[in-house]
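Peer 1: Chain by chain, the residues run as shown.
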Amino acid sequence: MREEDNRIEEALGSLKGIRQAEANVYTFDKVMLKLQNERVPHVSISRGWIAGMVLVVAINTGVALYSIKNNGIVIKENYYKELESEMGYTNDYNYQEVD
Amino acid sequence: MLVYTWQNKVFNTCIGILQNAEDAEETTQDVFVEVYFSVHKFDGRSTLSTWIYRIAINKSLDRLRHNKRKKRAGLLQRLFDGNKMNDPAGFIHPGVEMERKELSVILFKAIDLLAENQKTAYILHYLEGLPQQEIADIMQTSVGAVESLLSRAKAKLQKLLGDYYRKNFK
Chain U
0 MREEDNRIEE ALGSLKGIRQ AEANVYTFDK VMLKLQNERV PHVSISRGWI AGMVLVVAIN
60 TGVALYSIKN NGIVIKENYY KELESEMGYT NDYNYQEVD
Chain D
0 MLVYTWQNKV FNTCIGILQN AEDAEETTQD VFVEVYFSVH KFDGRSTLST WIYRIAINKS
60 LDRLRHNKRK KRAGLLQRLF DGNKMNDPAG FIHPGVEMER KELSVILFKA IDLLAENQKT
120 AYILHYLEGL PQQEIADIMQ TSVGAVESLL SRAKAKLQKL LGDYYRKNFK
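Top line first, the protein sequences correspond to chains U and D.
Each residue of the first sequence is one higher than the last, beginning at 0 in numbering that gives the first Met the number 0.
Each residue of the second sequence is one higher than the last, beginning at 0 in numbering that gives the first Met the number 0.
Any given hint might turn out to be false.
Said to hold, decoys possible - Below are the BS3-like pairs computed for lysine-lysine, each with C-alpha atoms no more than 30 Å apart in a straight line:
1. D:Lys67 x U:Lys29
2. U:Lys33 x D:Lys69
3. D:Lys69 x D:Lys166
4. D:Lys153 x U:Lys15
5. D:Lys8 x D:Lys69
6. D:Lys155 x D:Lys166
7. D:Lys69 x U:Lys29
8. U:Lys15 x D:Lys67
9. D:Lys158 x U:Lys29
10. U:Lys33 x D:Lys155
Stated by the list, open to error - Simulated restraints, written as ranges between beta carbons of each label pair:
11. D:Lys70 x U:Asn23: 18 to 26 Å
12. D:His65 x U:Gly61: 38 to 46 Å
13. D:Arg71 x U:Ile67: 16 to 24 Å
14. U:Met31 x D:His65: 20 to 28 Å
15. D:Tyr3 x U:Ser45: 36 to 44 Å
16. D:Leu112 x U:Thr60: 54 to 62 Å
17. D:Asn167 x U:Ser45: 31 to 39 Å
18. U:Ile49 x D:Glu146: 44 to 52 Å
The hints are simulated quantities; they were obtained by calculation from the structure and are not laboratory data.
Beta carbons are placed, not taken as given, at the ideal position from N, Cα and C, and that holds for glycine.
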């Protein structure tokens, strides 16, 4: 038991005279590098703002797509009307007897 | 200037808690980054020394918890989970005297098993050589509480070392 107690005391005393550990000589440079990386615009946007932006973009995209689709139809219709007038085509199914 | 003045103290504190030089270096850098960004929050109620030590302790404990979470998720840890005092790998503090290195490895294994607040108080007192009043300021507690932490830490270390020596030196 005494021997065990001695060993314990020796272990506990192993930090006597301990010198301070020294940091890496490049610590300052590495800190500067980390600070530079931190300075790159780090925009913190809340989730609410992100959700809002997504909604606005989605609405605008939907409107744009709807508009393109409708304009496409309008363009087609205009094209056919022009063709009708040039060629004398008709969409009118009220056939009348031609004397 | 702040970095050059404080880097060794911060590193010594971090390495005592983390027992790993790489982690301690990384944490030391993180401490100074935090100091840079939080300097506007320093209200002068404590000394600069106390404030920097407090950041160092918090960053070190955060990293320690992160490392332990990673270890717990590891399969090897589950397979070989046993008495950690018998783990073959040991930490040798670079500042320990040559003839005491072997003993210090065993002591550091035991220190690693202390509760966080006991470990903090023990490291600040025996590694950094800080007086109990300053430790109390850093840990935002009373001198009496620090005394109690040191006393409990020592008792726990004696128990752990006793168990270790009984098992390994029959």
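Peer 1: It remains to establish, for every hint, whether it holds in the given structure.
Peer 2: Status of the hints after comparison with the structure:
| no. | hint | result |
| --- | --- | --- |
| 1 | D:Lys67 x U:Lys29 | holds (26 Å) |
| 2 | U:Lys33 x D:Lys69 | holds (24 Å) |
| 3 | D:Lys69 x D:Lys166 | holds (29 Å) |
| 4 | D:Lys153 x U:Lys15 | holds (15 Å) |
| 5 | D:Lys8 x D:Lys69 | holds (27 Å) |
| 6 | D:Lys155 x D:Lys166 | holds (17 Å) |
| 7 | D:Lys69 x U:Lys29 | holds (25 Å) |
| 8 | U:Lys15 x D:Lys67 | holds (29 Å) |
| 9 | D:Lys158 x U:Lys29 | violated (41 Å) |
| 10 | U:Lys33 x D:Lys155 | violated (39 Å) |
| 11 | D:Lys70 x U:Asn23: 18 to 26 Å | holds (25 Å) |
| 12 | D:His65 x U:Gly61: 38 to 46 Å | holds (44 Å) |
| 13 | D:Arg71 x U:Ile67: 16 to 24 Å | violated (55 Å) |
| 14 | U:Met31 x D:His65: 20 to 28 Å | holds (24 Å) |
| 15 | D:Tyr3 x U:Ser45: 36 to 44 Å | holds (38 Å) |
| 16 | D:Leu112 x U:Thr60: 54 to 62 Å | holds (58 Å) |
| 17 | D:Asn167 x U:Ser45: 31 to 39 Å | violated (56 Å) |
| 18 | U:Ile49 x D:Glu146: 44 to 52 Å | holds (51 Å) |
Hints 9, 10, 13 and 17, counting from the list given before, are not met by this structure.
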